[in-house]
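Asks: The lines below spell out each chain.
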Amino acid sequence: MSLDPCLGVESQLQPYLDRQLTPGEVSMIEQHLGTCAYCRERYHFEAKLRDTVKTVCCGDPVPEGLVERVRLHCRGQGAA
Amino acid sequence: MLLVADSVGLVADPPSDQAEPTAAAERAAEARDRVHFEEEALEHADQLYRIALRLSGSQQTAEELVQETYLRAFRGWRGYRPGSNLAAWLATILRNVFLDEARKQSRRPAQESFEDTSEYYLYNHLSEAGAEPQEAVLNRLSGGAIAESLGDIPPMFREVVVLVDIGDFSYQDAADILGIPIGTVMSRLHRGRRALKQALASRASEDAS
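These protein sequence lines map, in sequence, to chains A and B. Following my numbering, the numbering of the first sequence begins with 1 at its first residue and continues without gaps. Following my numbering, the numbering of the second sequence begins with 1001 at its first residue and continues without gaps.
Treat the hints as calculated values from the structure; they're not laboratory data. It is possible that part of the hints are untrue.
[What the hints assert, rightly or not] Selected chain A positions facing chain B (in silico; Cβ < 10 Å):
(1) Glu10
(2) Cys58
(3) Gly59
(4) Pro63
(5) Arg69
Ideal Cβ positions, reconstructed from N, Cα and C, are used throughout, including at glycine.
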């Protein structure tokens, strides 16, 4: 963790959201987030951005009949 | 496919009376395995389509990529080790198909460079831009805006972001799929996410103007 705790949180925010940190690092970050509104606000924003990208993209409609067309295409090409 | 299996089976078996039925039984078992494999593989079609859509940015291309992926998967199904991660195996093929197509159109994924920005680039940008809370902007974020922004990121960074943040693959899966060390996955992910925020920020300014 950097000497400036806010810079430390900024640099470890992505690995924190990815759950890649050690329990020690996690508790340092969470302790800081508990007391610093500046970092907390940015943390919420980053977490929500992550969530939004995933939710929006996982809601992409899959074209109707995709699986059937894949099956037919593969049979037509002699693969299945 | 069956013809090849047939001749291999007959050559491998000793020339006895038992050879015919054994080879037939093996063929039947293999056919069953293959059908089983196909059904299991097709369950991942939606996930692959979404990854293909984010890699290519076009619905039509995405469907073509998925079809070619399954064609290769069904032809090479013996290359899959049962019990290993089937989604990752299919995503590896998808990524190769995508690269082949990109090469054909000579849009080779280049090692483009772009300016590195702060972790909070998008947040800061939105704070400067407007009166409304930053998170309200996220609520309005559409699939189209994300797709276009992903399209602005150099492909070598885009594919890592798509696999991990949208495809939900682990760092290790992404490393296996892309054939790169896990440390490279992490650094590309880091830069790719920042590039995505930069792209989203410039789109947000366009919308505002």
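Asks: Please flag the earlier hints that this structure goes against, numbers listed from lowest up.
Replies: Violated hints: none; all satisfied.
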